[in-house]
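As you go down the protein sequences, you meet chains E and X in turn.
Here the first sequence is numbered in the numbering used here, starting from 1 and rising by one per residue.
Here the second sequence is numbered in the numbering used here, starting from 1001 and rising by one per residue.
Think of the hints as simulated: they come from the structure by calculation, not from any bench.
Treat the hints with care, as some may be off.
Partial chain X-side listing against chain E, Cβ under 8 Å, derived [said to hold, decoys possible]:
| no. | residue |
| --- | --- |
| 1 | Y1045 |
| 2 | L1129 |
| 3 | L1153 |
| 4 | I1160 |
| 5 | G1188 |
| 6 | H1273 |
Simulated pairs of lysine-lysine, DSSO-like, Cα-Cα distance not exceeding 30 Å [unchecked claim]:
| no. | chain 1 | residue 1 | chain 2 | residue 2 |
| --- | --- | --- | --- | --- |
| 7 | X | K1010 | E | K211 |
| 8 | E | K211 | E | K66 |
| 9 | X | K1272 | X | K1010 |
| 10 | E | K211 | X | K1048 |
As the structure is a computational prediction, the values presented were derived from the model and not from experiment.
The beta carbon of each residue, even a glycine, is placed where N, CA and C say it ideally should be.
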Amino acid sequence: MSPQQAVERTGQRAPAEPRKGFRRGPATRASTKRTYVLMLMPALLLVIGIMIPFLNGIWTSLTNKKSYINDPSFVGLENYIELFTDESFLRALGRTILYVVVVLAVQLPLAILAAILLARSSVGSWMARRVLVLPLLIPPIVAGLMWKTMLQPSAGVINYLLGLVGIPPQPWLTDISTSLGSVILIDTWAFLPFSTLIILAGLQSLPNEIKEASQVDGAGPWNVFRHISLPWIAPYVVLVAIFRVADSFKQFDLVWPVTRGGPIDSTRLLHVMGYEEVFRFSSTARGMAVIFVLWILVYTVSSYLLKVWRRTINAVG
Amino acid sequence: MNIWTKAGSKVGFTTAYVAIMTFLLFPIVWMVMMALKGYDDVIAYPPKFAFSPTTENFRSVLFGDGGSMSSGAGEFMGYLGNSLIVSLGAVALSLVVGVPAAYALIRNRIGKEDTVAFTFLSFRFAPELMVIIPLYGIFQSMGLYDSYLGLILSHQLITIPLIIWIVRTFLQDVPVEIEEAAQIDGCGPLRTLVRIVLPVIRPGVASAAILAFIFSWNNLLMGLVLSGGTTQPVTVGILQAIGFDQVRWGWMAAAAVVSALPGMLVALYMQKHLVKGLTMGVGK
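The following block holds chain E by itself, in its conformation from the complex:
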């Protein structure tokens, strides 16, 4: 809603006369301030409510806590030193970074391409836009299980359909060489719509006059895209990158129900590893250390991207 509309709407609704019995005249500065603080209080309490377990988790990672030890003792950085000399952790770390990089490399260009196609006005793009939102509304665990049944190597419909066009059956989630790629395929189905929607909104917010003006100036379609549309949607693309980076780093929902991190450990991402350490191997402290490393990674990368995002916004505005 534009400010103008807002004024029009409230113009009709704004109370013309203050009711009798209420205090007249400007609210005092002090009482206003107090009310603002009161309005913030519950949210601040929630922040504290989130910070307490968070700090408690960091503390736990510095102890030798196991689920069956009642009074754990402080061990300093021991868990972290152990992790960074543990090959299975380092492999999970590398795998998680690989997962994030591939997800970005696959999904960003696809989302931009899909958004460009959907931004055209035609019956086809209108229909595709209606459909686009659906995968977003399906719980990721359901999406994962759905794809798992379709990707069954011997009985699944995907291999059957591929067979019809002469492509040999693939092992998909059941082989260590294809399992991570298969999870990324499911990830792409589940989250490409979200990315496309945001970039599409960016393209649609580009004023037509700008495009037309550059076309009048003789710019070809590629040049219009390269020099007008692309810089315009840059903040939207960066925002998509932020969400995809954060969500892929902590991917759990598409892995746990589908592969439990397997076969062997080929889809064991850090978030999954943390969960397993705590709830399968009872090593609460070690699990918290894994998750805190993951948190540092997500935090560093996403706050860097947030800075880029603000810069791109300023560049456009």
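With chain E's structure known, arrange chain X on it following the hints.
What follows is chain X alone, placed relative to chain E:
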């Protein structure tokens, strides 16, 4: 406007749209088909595209009368109810807490409003387990483990950042002048918010609430860690009912369809709000 225009090939575009829609829709259609298949049709190979539909799986999911194929009677209805209580409760609490907070942040110009807002947003990016695993211990000692209240509180991690972030961007568009008029008439900040500002930003609040509900409903980890036997949400219910080496695909598909239904209904009726909420916070 893009490289394809020059080619001007209508066939190319049509192919692209069909490809996109097939990729998006096929898994959903296949799942619905599987949910409507009898056991023999589900395990048939080659996979059947034509079959006589049955409601057996849905009856089994909803009423537990599917004989040997069902997990306990009506259990799934319980999961649905739990999800509904937790998600509605979480969104309601987030609205009550988040909307005034967003307003106070924006209008009260001391401190860095940006920084606080980004702090809330950063919760959205944090790996949930960083908070949930410690909460598991804390909730157990407080008696909040496996309780609706505990789940509603923990779901704030998902819903509060969304509500504050989206509502905040809508608030930025509200001209201060209309509020100043109200304040001169003697309205304090809270009354100004309720009487003047809320009616203006209602669409924004609606999109924020819808999105928060969907993300809360879809969440798996909170329920997996913080709910026991009595408050399990639908996502955990599905996970547990299928076991790992499941073959009850028909049951699973029906359960999946039912659990995705609330989101689908939202999509049908409120797509505009939904997309608006998603893309908020991007523009200036």
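Evaluated hints:
no.	hint	verdict
1	Y1045	5 Å, holds
2	L1129	5 Å, holds
3	L1153	7 Å, holds
4	I1160	6 Å, holds
5	G1188	5 Å, holds
6	H1273	11 Å, violated
7	K1010(X) - K211(E)	22 Å, holds
8	K211(E) - K66(E)	62 Å, violated
9	K1272(X) - K1010(X)	28 Å, holds
10	K211(E) - K1048(X)	49 Å, violated
Hints 6, 8 and 10 from the list above are not met by this structure, while the remaining hints are.
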